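Protein chains in written order, with my numbering: chain A, 1142 to 1498; chain B, 25 to 317.
Worth flagging that the hints you see were computed from the coordinates, not collected in a lab.
Fair warning: this is a prediction, and the values are worked out from it, not measured in the lab.
Virtual Cβ for every residue (Gly too), placed ideally from N, Cα, C.
Check the hints yourself; a few may be wrong.
Chain A regions said to be covered by chain B (calculated; three or more residues, Cβ under 8 Å) [unchecked claim]:
(1) 1222-1235
(2) 1262-1273
(3) 1434-1447
(4) 1450-1460
Stretch by stretch, here's where chain A covers chain B in the computed footprint (C-beta under 8 Å, at least three residues) [claimed, not checked]:
(5) 161-169
(6) 215-225
(7) 228-234
(8) 278-292
Computed beta-carbon distance windows for the label pairs [unchecked claim]:
(9) A:SER1187 x B:LEU215: 43 to 49 Å
(10) A:ARG1462 x B:PHE40: 54 to 60 Å
(11) A:ILE1356 x B:PHE123: 30 to 36 Å
(12) A:ALA1151 x B:PHE123: 55 to 61 Å
(13) A:PHE1285 x B:LEU56: 18 to 24 Å
(14) A:GLN1220 x B:VAL276: 49 to 55 Å
(15) B:ASP217 x A:ARG1416: 42 to 48 Å
(16) A:GLN1406 x B:PHE123: 54 to 60 Å
(17) B:PRO102 x A:THR1250: 44 to 50 Å
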Amino acid sequence: MRRKDRGEAATAWMMSLPAILGLGLFVVLPLVMGFYWSLTDKRLISSNPTQFVGLRNYRHLIGLRVITLQAERTETGVQRRDADGSAIFPPLRPILRSDDSFLGYRELTTVTVFDRRYVVVSRDPTFYRALWNTTKFVLVIVPFQGGLALLLALLVNQRLRFINFFRAAYFSPVVTSMAVIAIVWTFLYNPEFGLINAILNAITFGLTGQIDWLIDPQTALLAIIILSAWQAAGFQMVIFLAGLQQIPDVLYEASRIDGANLLQQFRYVTWPQLRNTTIFVVVATTILAFRLFTQVDVMTKGGPLESTVTVVYHAVDQGFRQQRIGYASAITMVFFVIVISIALTQRAFLRSEREVD
Amino acid sequence: MMRPSRRSRLVRRVAFRALDYALLLLLAGFFLFPIVFMIVSSFKPEKVIFDDLKTIVWAFIPRDVTTDNYLRVFERVPFWRYLFSSSFVTATTVTLGLFVNSMIAYALSRLRWRGRQFVLSVVISLIIIPLEAIAVPLLMIVNGLPWFGGATTWLDSYQVQIVPFIAEAFSIYLFYQFFIGIPKDFDEAALIDGASRFQIYLRIIVPLSRPVFATVAILQALMLWSSYLWPLMVTRSQTVRPLTIGITAFYVLDIRWGQILAFASMVTIPVLVLFIVFQRWFIRSVAASGVKG
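Only chain A is shown next, with the shape it has when bound in the complex:
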């Protein structure tokens, strides 16, 4: 009997070995090495030996300093104002130059309160812009794409003729490759002869005019959001659909007997019953959205004016294009912590659900 157990264990290990080796070498090891390299000045190809630098990469990445500027006054103490009547502040540059500890710092953002101006400076303003852009992207696309997917699922869950056609139509963007379809969308977004401006103008009788989509820092991220939602909504539609089909018919029948209309049925039956599906979709979309890279790399390269640079784009740019493995590993670690926190939040949500039951 014991010999048989040992045989079973040996078989188990043999069968697990290829996967354990693969995951160990290509997932766990990069994670561990990534953390280690984030504490060094490692480069992809370098003649100098790699040096341990402690938290320098993280300080460089995250470190912020605030410089307070006092509005300029004349000798009599009256505030000087420009033609528009706003206060005039001394330039930032000489201050950054005068102090060696400000070496490498650049302006990130400014806040002006009456006669004071607070300038936030960072050694890597691109990182903060990337973090902000990625957050904006997530905050917009999660409700937009999730809502769209739920609407699609409710529509194709009806027993109607041709419904299979519609379901296939909504799903078909999912099977396209993002790198390829993003190029097609670049054409659609062209301000002069792009199809999207043409259609918008036809619908609104020329009200929208020429939108500069990917060229305008105000709209570039929005353009990427629309493309991303278009490509992925079908995927989540199917997940919502699976959730909808698990709701027992008796619940709908009972609510109908109680005289509930369609809207009330959705509010009191569908929505609460879909709770776990919704949590899953929200978390999956959030993590997926934080990974935003392909569309940006193909369509805008982070521009214009860094308005579409994302965390992953910045990491790849630093690690692969600039070959700064150590620094890019630090960015990667920050990204990793964000993803982990989102996943843990989901777990907390699901647990509280179970406790209620």
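Given the structure of chain A, go ahead and fit chain B onto it with the hints provided.
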């Protein structure tokens, strides 16, 4: 309160249904227009594409049909080579992955061994780690790996696009979920007949689990076929580059939209056809990826 007459109820029903279909059609237009436009325009001469864009309607109607764009694509870039690379990498990784991931899932779900619980919890915790979080250090690691024939780096090769993605935590989890649902009686009967544990896996579990094999294969193939970040980082030469990188090179040098749309159509149409033929399986696979908790 007056009950609405039968007739007005009928009118309301018809109106509701019409509205329903209008919405369905509008959304179908939104999701299909880029694909239809891409395919239709790829068969038009460059000048006609731009002319037709002015009228919108004509942008979706084929005319002056020509295969010039396609022929020019074949002249300008090694399209068939890209296609081979993409297909080879996808097919090999998926096939090897099905074996490797289902084997460990079998050991985790149906065999008793010390370390089982530990391995299982590590695998599950690895599910959420996206490639983007490890791409940079992974690049560094594969850069220094040896390969048969004396090579000292994996960069710019097929194996660098295949080997790291064979073992995949989420695939293991999907297999695991399916395998624990199969009654143990099957194994016990086979054991009494003198079958080994490995034979049980091969002869009983695998044939019973075709749906989950299809699910994993489809999800993995979709992901690998459209992978961009990794091949961008690790491939340099035309011989190993996949379609997704091939087209971007095309997009940078001398932009000809007709040809780009032809290239994009050739990448999209085969997958689209597969999807239409195996629609039920695609939908089922995606649905299965959502039942996590």
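Here is how each hint holds up against the structure:
1. Against chain B, the region 1222-1235 of chain A contributes 0 residues with a C-beta closer than 8 Å to a partner C-beta. That does not satisfy the three-residue criterion, and the hint is violated.
2. Here's how the region 1262-1273 of chain A fares: 0 of its residues keep a CB closer than 8 Å to some CB of chain B, so the rule of at least three is not met and the hint is violated.
3. As drawn, the region 1434-1447 of chain A meets chain B at 4 residues by the rule of a beta-carbon pair under 8 Å; at three or more, the given contact holds.
4. Counting residues of the region 1450-1460 of chain A whose C-beta sits closer than 8 Å to any C-beta of chain B gives 4, which meets the bar of three, so the coverage hint holds.
5. Residues of the region 161-169 of chain B with a Cβ under 8 Å from some Cβ of chain A number 6, which satisfies the need for three, so the listed coverage holds.
6. Closer than 8 Å: that is the beta-carbon criterion, and the region 215-225 of chain B has 4 residues meeting it against chain A, so the requirement of 3 holds.
7. For the region 228-234 of chain B, the proposed coverage by chain A is not satisfied: 0 residues have a C-beta within less than 8 Å of a C-beta in that chain, short of the threshold of three.
8. Judged by the Cβ-Cβ criterion of 8 Å, the region 278-292 of chain B is covered by chain A as claimed, because 7 of its residues qualify and three suffice.
9. Separation of SER1187 (chain A) from LEU215 (chain B) is about 57 Å and departs from the stated range, judged on CB atoms against 43 to 49 Å.
10. A hinted range of 54 to 60 Å holds for the C-beta pair ARG1462 (chain A) and PHE40 (chain B), which are about 55 Å apart.
11. Restraint check, ILE1356 (chain A) to PHE123 (chain B): a C-beta distance of roughly 49 Å breaks the suggested window 30 to 36 Å.
12. Against the hinted window of 55 to 61 Å, the Cβ-Cβ separation of ALA1151 (chain A) and PHE123 (chain B) comes to about 19 Å, which falls outside the hint.
13. A hinted range of 18 to 24 Å holds for the C-beta pair PHE1285 (chain A) and LEU56 (chain B), which are about 20 Å apart.
14. Checked against the hint of 49 to 55 Å, the C-beta distance between GLN1220 (chain A) and VAL276 (chain B) comes to roughly 52 Å, which is consistent with it.
15. Roughly 47 Å separates the CB atoms of ASP217 (chain B) and ARG1416 (chain A), a value that falls within the hinted 42 to 48 Å.
16. Checking the proposed 54 to 60 Å range against GLN1406 (chain A) and PHE123 (chain B) shows it is violated: the Cβ atoms sit about 47 Å from each other.
17. The hinted range of 44 to 50 Å is satisfied by PRO102 (chain B) and THR1250 (chain A), whose Cβ atoms lie roughly 47 Å apart.
The structure shown violates the earlier hints numbered 1, 2, 7, 9, 11, 12 and 16.
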